[in-house]
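Participant: Residues per chain, in single letters:
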Amino acid sequence: MMARLRVLTGVSILLLTAASTLVGCTKGEDEVTPTSSAGEQVVATGGPGGPSCTLQQLGAPKLDLKDAIVGFSQSEKEANPFRIAETQSIQDEAAKIGVKKLLVTNAQSQLSKQISDIQDMLAQGAQFLIVAPLNSAGLEPALQAAAAKKVPVLTIDRKVNASPCKDYLAFLGSNFVEQGKRAADAMIKVTGGKGKVAILLGSSGNNVTTDRTNGFVDRVKAQAPGLEIVAQQTGEFSREKGQSVMEQLISSHPELTAVYAENDEMALGAVTALKTAGKNPGKDVKIVSIDGTRNAVQAIVDGTINAVIESNPRFGPLAFKTAQDFYAGVSIPGNVIISDREYDAANAKDSLGSTY
Amino acid sequence: MTVPADAVSGRRELVAGFVQRHGALAVLALSVVTASLVFESFASFDNASGIAIQSSFLVIVAIGMTFVIICGGIDLSVGSVFALGGVLAAYASRWGTLPALVVPLAVCGAIGLLNGVLIARLRLAPFIVTLASLLGARGLLLSITDEGASTYLVPRESSFVEIGRGTLWGLGYPVFLALALAALAGLVLQRSRFGQSIFAIGGSQDAAAMMGVPVARMKVLTYTLSGLLAGLAGTLNAARLGSGVTILGVGLELDAIAAVVIGGTLLIGGAGTISGTLSGVLLLGVIQNVINQIGNLGSSYQLVTSGAFLAVVVVVQTYLSRTQRLH
Numbered sequence: 001m002m003a004r005l006r007v008l009t010g011v012s013i014l015l016l017t018a019a020s021t022l023v024g025c026t027k028g029e030d031e032v033t034p035t036s037s038a039g040e041q042v043v044a045t046g047g048p049g050g051p052s053c054t055l056q057q058l059g060a061p062k063l064d065l066k067d068a069i070v071g072f073s074q075s076e077k078e079a080n081p082f083r084i085a086e087t088q089s090i091q092d093e094a095a096k097i098g099v100k101k102l103l104v105t106n107a108q109s110q111l112s113k114q115i116s117d118i119q120d121m122l123a124q125g126a127q128f129l130i131v132a133p134l135n136s137a138g139l140e141p142a143l144q145a146a147a148a149k150k151v152p153v154l155t156i157d158r159k160v161n162a163s164p165c166k167d168y169l170a171f172l173g174s175n176f177v178e179q180g181k182r183a184a185d186a187m188i189k190v191t192g193g194k195g196k197v198a199i200l201l202g203s204s205g206n207n208v209t210t211d212r213t214n215g216f217v218d219r220v221k222a223q224a225p226g227l228e229i230v231a232q233q234t235g236e237f238s239r240e241k242g243q244s245v246m247e248q249l250i251s252s253h254p255e256l257t258a259v260y261a262e263n264d265e266m267a268l269g270a271v272t273a274l275k276t277a278g279k280n281p282g283k284d285v286k287i288v289s290i291d292g293t294r295n296a297v298q299a300i301v302d303g304t305i306n307a308v309i310e311s312n313p314r315f316g317p318l319a320f321k322t323a324q325d326f327y328a329g330v331s332i333p334g335n336v337i338i339s340d341r342e343y344d345a346a347n348a349k350d351s352l353g354s355t356y
Numbered sequence: 001m002t003v004p005a006d007a008v009s010g011r012r013e014l015v016a017g018f019v020q021r022h023g024a025l026a027v028l029a030l031s032v033v034t035a036s037l038v039f040e041s042f043a044s045f046d047n048a049s050g051i052a053i054q055s056s057f058l059v060i061v062a063i064g065m066t067f068v069i070i071c072g073g074i075d076l077s078v079g080s081v082f083a084l085g086g087v088l089a090a091y092a093s094r095w096g097t098l099p100a101l102v103v104p105l106a107v108c109g110a111i112g113l114l115n116g117v118l119i120a121r122l123r124l125a126p127f128i129v130t131l132a133s134l135l136g137a138r139g140l141l142l143s144i145t146d147e148g149a150s151t152y153l154v155p156r157e158s159s160f161v162e163i164g165r166g167t168l169w170g171l172g173y174p175v176f177l178a179l180a181l182a183a184l185a186g187l188v189l190q191r192s193r194f195g196q197s198i199f200a201i202g203g204s205q206d207a208a209a210m211m212g213v214p215v216a217r218m219k220v221l222t223y224t225l226s227g228l229l230a231g232l233a234g235t236l237n238a239a240r241l242g243s244g245v246t247i248l249g250v251g252l253e254l255d256a257i258a259a260v261v262i263g264g265t266l267l268i269g270g271a272g273t274i275s276g277t278l279s280g281v282l283l284l285g286v287i288q289n290v291i292n293q294i295g296n297l298g299s300s301y302q303l304v305t306s307g308a309f310l311a312v313v314v315v316v317q318t319y320l321s322r323t324q325r326l327h
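If you read the sequences in order, they're chains A and B.
The opening position of the first sequence corresponds to residue 1 in full-length UniProt numbering, with each subsequent residue numbered one higher.
The opening position of the second sequence corresponds to residue 1 in full-length UniProt numbering, with each subsequent residue numbered one higher.
These are calculated hints, taken from the structure and not from any lab test.
Careful: at least some of the hints might be erroneous.
Claimed, not checked - Rough simulated footprint, nothing fancy, chain A against chain B, three-plus residues with beta-carbon under 8 Å:
#, stretch
1, 41-50
2, 59-67
3, 94-107
4, 287-294
5, 297-306
Claimed, not checked - Derived CB-CB ranges, DEER-like:
#, chain 1, residue 1, chain 2, residue 2, range
6, B, L135, A, E240, 17 to 23 Å
7, B, A308, A, K321, 36 to 42 Å
8, B, D146, A, E342, 41 to 47 Å
9, A, P254, B, D206, 53 to 59 Å
10, B, L135, A, E228, 56 to 62 Å
11, B, L184, A, H253, 54 to 60 Å
12, A, Q56, B, L187, 52 to 58 Å
13, A, G353, B, V315, 46 to 52 Å
14, A, S339, B, L135, 55 to 61 Å
15, A, K283, B, E157, 57 to 63 Å
16, A, G98, B, V33, 33 to 39 Å
17, A, K283, B, G251, 49 to 55 Å
18, A, A148, B, A125, 45 to 51 Å
Claimed, not checked - Some chain B residues close to chain A (C-beta under 8 Å, calculated; not the full set):
#, residue
19, L30
20, E147
21, T151
22, R165
23, T167
24, V245
From a predicted model like this one, the values you see are computed outputs, not experimental measurements.
We treat Cβ as the ideally placed atom computed from N, Cα and C, and that holds for glycine.
Use the sequences and the hints to build the structure in full.
Facilitator: This is how it looks when you write it as structure tokens:
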């Protein structure tokens with residue numbers, strides 16, 4: 001009897017741990033219905049860096065997307081507006097142009113899973129891959145497996161440390177350093193170039209975080225020496241973490257007059273923390289963030305966030321257009337940089353339709 | 001009348017006993033057959049070799065975990081140690097292949113040794129000690145990578161990469177290494193004094209001590225082994241990736257524990273097999289693969305599906321082990 005009880009306890013501990021990891025990862029999110037035509041991505045530059053790429057150069061077989069199996073490897077759970085809009089956009093566009101079969105995998109923030117996801121899709125006969133890399137390093141085995149099968153890989157939103165037109169076809173995405181610089185410009189504008197600012201960093205070891213930080217810090221140093229960066233802490237791109245880090249910052253740096261959040265979710269967490277502490281976000285403490293989610297732009301309308309630099313997640317139309325061009329014999333530049341919008345008090349209300 | 005009844009229940013007990021001990025194998029076989037029938041791309045050599053290479057690293061980690069759990073303990077540090085091993089290997093690969101193997105093994109073995117000493121000599125709870133080293137190893141990793149901002153690359157011409165990427169008969173070297181280690185571990189567990197001591201300690205530590213088993217020494221050895229194996233898996237993985245990725249291994253300890261328990265090893269210690277663990281790891285790999293075969297499942301439902309699948313497997317095994325024990 002005792003032994004049985006102990007077995008059961010053991011099993012329930014296991015199940016509980018499993019359950020808590022499952023639950024712990026899923027966050028409540030406001031439903032966002034992506035508007036398909038509004039807010040479509042616009043190419044800014046067909047970019048410097050890296051050669052252009054043609055079908056012959058990559059050595060890929062010719063393909064009609066309507067008869068093709070296309071694979072999409074998403075990096076993180078669709079638990080935040082960016083990822084929801086990104087996956088949705090790929091699925092919508094695949095349906096629109098009539099791709100024979102679209103395979104969708106999700107690496108759940110685990111790099112080893114992303115590698116196996118890509119290998120699984122190759123084993124299932126994927127002929128063209130769209131990959132949203134979780135990390136800039138470490139996907140080499142997956143890229144090699146794709147290259148061995150002559151399957152072109154288009155990376156979107158994050159770049160991998162590899163050679164375009166050799167290890168992968170091309171990169172589509174935003175310039176994250178530029179986003180950081182524009183956030184700094186917006187911050188200088190709303191603060192008048194004076195004050196004490198805290199940075200809520202994204203996940204560490206991530207090039208998005210590094211770029212958005214460097215862009216911001218460099219621009220502030222160059223343009224507004226009166227704006228002092230007094231703290232930098234990671235909020236891991238999540239609302240909860242952004243909120244708890246902000247709570248600590250309020251008590252350790254009560255003199256703060258501004259916050260730069262490297263994504264909207266952390267900014268929204270910071271707004272909650274500031275409100276709880278009896279401060280007036282958007283007025284006592286100015287907030288600038290990056291992403292352009294509907295909730296954050298609504299917060300500009302409500303006056304709790306001051307400015308948001310967009311990072312457009314709707315990669316579907318541009319990704320499939322790039323694929324079609326590629327198979328039509330057009331040469332594809334290694335870096336396709338998209339142009340991102342900017343939201344502030346002046347345009348937030350009218351721009352709500354193009355947010356995600 | 002009693003004779004046939006006994007014979008029936010005897011046979012039933014035999015079958016139940018076999019299925020309980022090899023429950024994971026039975027479920028694995030069932031899953032593979034079902035998946036092959038449902039998804040035409042499942043039963044290809046490409047897909048099978050993919051699952052094999054993906055599982056090989058977890059197999060190596062789970063072997064160490066099997067020893068630890070049979071011994072009545074738990075090792076939560078393996079995920080962080082795995083990641084640390086990979087980063088150290090990538091860092092040391094600039095000096096050649098041998099340092100790339102030795103440095104991570106030395107550091108990870110030392111972490112395991114420290115775990116073992118704290119648990120066996122100071123009699124601290126394994127859960128807390130290894131939780132502390134989970135955090136410590138991750139912290140060490142962050143400190144040598146500038147808070148995770150720099151990723152060390154293995155030099156492209158280094159022969160170290162070959163260890164992770166080379167193939168024989170279409171299967172990656174890590175697959176063969178994992179199988180060899182599993183076979184060796186199975187022998188050690190069943191046939192050596194060390195193996196038998198671990199079973200005795202896991203069954204009843206006091207009884208084992210009275211029988212003259214050097215309990216503390218065996219425990220230290222077990223945790224050191226677990227640290228070494230986690231470090232080795234991380235090293236091989238770094239060779240395969242060609243870089244010391246800093247974000248790896250989060251939650252890997254739970255995968256390893258799950259695989260071990262699915263494989264029929266009791267979480268309370270004293271019973272378990274390496275072959276079961278092998279089936280457990282492969283089962284996790286197959287579940288993942290099947291979810292990808294479905295092809296268009298939302299990320300939340302992927303988690304629900306794999307959670308539900310795990311729950312079913314464990315319930316079936318608990319039920320089988322109960323019928324056996326009741327008799």
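Participant: With reference to the structure, classify each hint as holding or not holding.
Facilitator: Verification of the hints:
no., hint, in the structure
1, 41-50, "holds (count 5)"
2, 59-67, "violated (count 0)"
3, 94-107, "violated (count 0)"
4, 287-294, "holds (count 4)"
5, 297-306, "holds (count 7)"
6, B:L135 to A:E240: 17 to 23 Å, "19 Å, holds"
7, B:A308 to A:K321: 36 to 42 Å, "39 Å, holds"
8, B:D146 to A:E342: 41 to 47 Å, "31 Å, violated"
9, A:P254 to B:D206: 53 to 59 Å, "57 Å, holds"
10, B:L135 to A:E228: 56 to 62 Å, "32 Å, violated"
11, B:L184 to A:H253: 54 to 60 Å, "56 Å, holds"
12, A:Q56 to B:L187: 52 to 58 Å, "55 Å, holds"
13, A:G353 to B:V315: 46 to 52 Å, "49 Å, holds"
14, A:S339 to B:L135: 55 to 61 Å, "42 Å, violated"
15, A:K283 to B:E157: 57 to 63 Å, "58 Å, holds"
16, A:G98 to B:V33: 33 to 39 Å, "35 Å, holds"
17, A:K283 to B:G251: 49 to 55 Å, "41 Å, violated"
18, A:A148 to B:A125: 45 to 51 Å, "48 Å, holds"
19, L30, "20 Å, violated"
20, E147, "5 Å, holds"
21, T151, "4 Å, holds"
22, R165, "7 Å, holds"
23, T167, "11 Å, violated"
24, V245, "4 Å, holds"
In the structure shown, a violation is registered for the earlier hints numbered 2, 3, 8, 10, 14, 17, 19, 23, in ascending order.
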